[in-house]
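Protein chains: 2
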Amino acid sequence: MSLQSKVREWMRTHREEGTALLQSLVRLPSTQGREREAQELVAGMLREMGLAVRVWEPDGEALRSHPYFYSPRDRFAGSPNVVGVLKGTGGGRSLILNGHMDVVPEGDRGQWQHDPFSGEVADGKLFGRGATDMKGGNVSMLLTIQALRELGVRLKGDVIFQSVVEEESGGAGTLAAIMNGYRADAALIPEPTNMRIFPKQQGSMWFRVTVKGRSAHGGTRYEGVSAIEKSMIVVQHIRELEQARNSAMTDPLYAGNPIPIPINIGVIRGGNWPSSVPDSVVLEGRMGVAPEEAIEHAKEAMERWMERLEEKDAWFAKTPVSLEWFGARWVPGSVDPGHELIAVLSSQYQEVTGKEAVIQASPWGTDGGLLTLLGDTPAVVFGPGVTHVAHYPNEYIELEDMFRAAEIMALTLVQWCGLEEE
Amino acid sequence: MSLQSKVREWMRTHREEGTALLQSLVRLPSTQGREREAQELVAGMLREMGLAVRVWEPDGEALRSHPYFYSPRDRFAGSPNVVGVLKGTGGGRSLILNGHMDVVPEGDRGQWQHDPFSGEVADGKLFGRGATDMKGGNVSMLLTIQALRELGVRLKGDVIFQSVVEEESGGAGTLAAIMNGYRADAALIPEPTNMRIFPKQQGSMWFRVTVKGRSAHGGTRYEGVSAIEKSMIVVQHIRELEQARNSAMTDPLYAGNPIPIPINIGVIRGGNWPSSVPDSVVLEGRMGVAPEEAIEHAKEAMERWMERLEEKDAWFAKTPVSLEWFGARWVPGSVDPGHELIAVLSSQYQEVTGKEAVIQASPWGTDGGLLTLLGDTPAVVFGPGVTHVAHYPNEYIELEDMFRAAEIMALTLVQWCGLEEE
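Same order as they appear, the protein sequences are chains A and B. Residue 84 in UniProt numbering sits at position 84 of the first sequence; the count goes up by one each step and never skips. Residue 40 in UniProt numbering sits at position 40 of the second sequence; the count goes up by one each step and never skips.
I should point out that these hints are in silico values taken from the structure, not numbers from a laboratory. Among the hints, erroneous ones may be present.
Copies of the same chain look alike in the list, so a pair counts if it works inside one copy or between any two.
[Said to hold, decoys possible] Derived pair list, reagent style DSBU-like, types lysine-lysine, alpha-carbon separation capped at 35 Å:
1. Lys125 with Lys212
2. Lys125 with Lys318
3. Lys125 with Lys355
4. Lys156 with Lys355
5. Lys87 with Lys355
6. Lys212 with Lys156
7. Lys355 with Lys6
Throw the hints in and build the complete structure from the sequences for me.
Printed below as a string of structure tokens:
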């Protein structure tokens, strides 16, 4: 029996166990600050599989002084990182498997058909907050290690299993792991790519634009200047910057993506009285950063562009908008599509699914940006689950994909790290 | 000495007293629900002047069933109306003097140079919430009666002095006075017209438009539909309705007013996460109603116009906006510019100031709409103070105008009601 057949057989016979494991993780609502229980569960499993496990709460003091630290908090009590190392026999390439355990809040429960923390299974799908982003991917990682251990496979290279916190808030968990010295020849992050392979990923950061007007009574509104009307010019102006930036994107990995690096305006609020002319409107949004672009370059593009608003309307010459960068930020990342890990992953994908791998650039950021940029560890994103259910009510994952991903990852590990034959 | 000279002299010698009276009223912060003390002060003065005074809290139960009742509350404990009647000797025309005692809240105190409830005087101006809207006008009314009484003037027609509550919230105080049977041959309301005469007044009502989009992750924003972008189409669409309605306004009383009946959009809010495509935006505004227009006609114009949004963007055919009428509403009003009270007021204005009276249509509503429409009492608005400081920090009134207005009103009363010669 080939190793591939053995892995597939192992996955088939561990279906119930794997499903129950994901259910257990979904039932532990590991929103920010509440990750401990889920992390302890993972740490326990890794110890049982014989990995050398370290569990620690990131040091807020040390993180705070790091230029890439972004988080709404700097105390991580109750939010431990977990790293388990599976030492290789030597002479092979090492790999980091990185997944985050934090999930975003469930939002309005009234919009959920199932309890968001019940892990209910229906039609081959498991429902719940974090099912796709990314506890499903975490279970794929765990099944990968467990299958190889139980099948007696010994790898030449080290496998470093990372279950981190804070991905949803800017990556402080992975940053803490990097600051603790964890490095590898490459990294694999099973975020929900719907089994596509992402060597490149968009970065992003949040901005806030404040548009000023001049107040007046609504009955004589011509005496005022409506910040709502002026904000329409700003929205249009931002659209034009988005168009210019995207028309310059020639990377074939973005072929078919209508807006590779979007500038999303997510929030608008202004005025406080129906019969007054509003004197202020705030726009908040997310600016995409191209995989090879420096964050500072993108910031500067936006800042310069805002200065050109006065070409659209003289009002802005006297009353410029203010631009702030606030909240979250995700570092972009880029790995050469010719990188050996992509080749290995693609061939194993084809082996397992019979279909050609899809290689694209990611429309969103992951902790892979930090690993690639700061951790000297080229990170590739590949995992089960579909993005469009992430962060929304009725999030789910197709269980079949979770097991398929585990199978592909197990075979990738063997080929990447090397098999120690007996 | 002519009566005019006597009135002028009286005003000159009562300058300190009048200023102190306005100061006392401004120092009683008569915001909604807290009008009692200021109203008791007025009632006491009217009694001293020999008027038959009635003080009563409007009956919420009775008001609630009236089709023109608009208020955020239906209990008026602590908010009495005051009406004082000065019986004429007979054979003359009667006049209602109507002023509201309620003031809007002071807002952000940090933006006030003086304490908003101190009534500080500087450079001939008295500062404070309500100084212009409309305690200054109320003092003009009080000085008018006091001067005529002290000068021994006896009028043929009745004068009905009304100090009402709730004008700022839709006119429930004046409605209660109408429901209590008070009527006259005409009414004069000294709201801040900057001494212009307004036979016509714009009505207004508040609306809320909810624009729907479709949510998506900001990184793949092309999968969603931005309610912010769709709301820009709605704002533009409303502008076009405003243009159409205003280009049809040929009333010469609106000559020189660039937007006689504006549609103001005062509030916008939508989305709740910078990196999500917003699925909902709410617009709140104030729609002006022409003096001779029925409220229902204006509503229908807006409703029909919203249905035509789909001509601008097919999105609205499947996802129509919702339109609600909420909150406050002020009835429009129109008195024939040839009305005798206008002629009297104009001639007395010229007599006192040496300048020709300015007759215009008002860009905002007052309780005059209710008096004209429901109270069989044609109401004309004329008073001291300038609108653009009303409802804003550092509201003030020019004291000189307050005394001038009182002088003009006293002489108007004599001419309108008729003088009983001894």
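Against the structure, the hints come out as follows:
no.: 1; hint: Lys125 with Lys212; result: between (48 Å within a copy, 30 Å between copies)
no.: 2; hint: Lys125 with Lys318; result: between (56 Å within a copy, 31 Å between copies)
no.: 3; hint: Lys125 with Lys355; result: within (22 Å within a copy, 83 Å between copies)
no.: 4; hint: Lys156 with Lys355; result: within (29 Å within a copy, 102 Å between copies)
no.: 5; hint: Lys87 with Lys355; result: within (33 Å within a copy, 99 Å between copies)
no.: 6; hint: Lys212 with Lys156; result: neither (62 Å within a copy, 56 Å between copies)
no.: 7; hint: Lys355 with Lys6; result: within (20 Å within a copy, 103 Å between copies)
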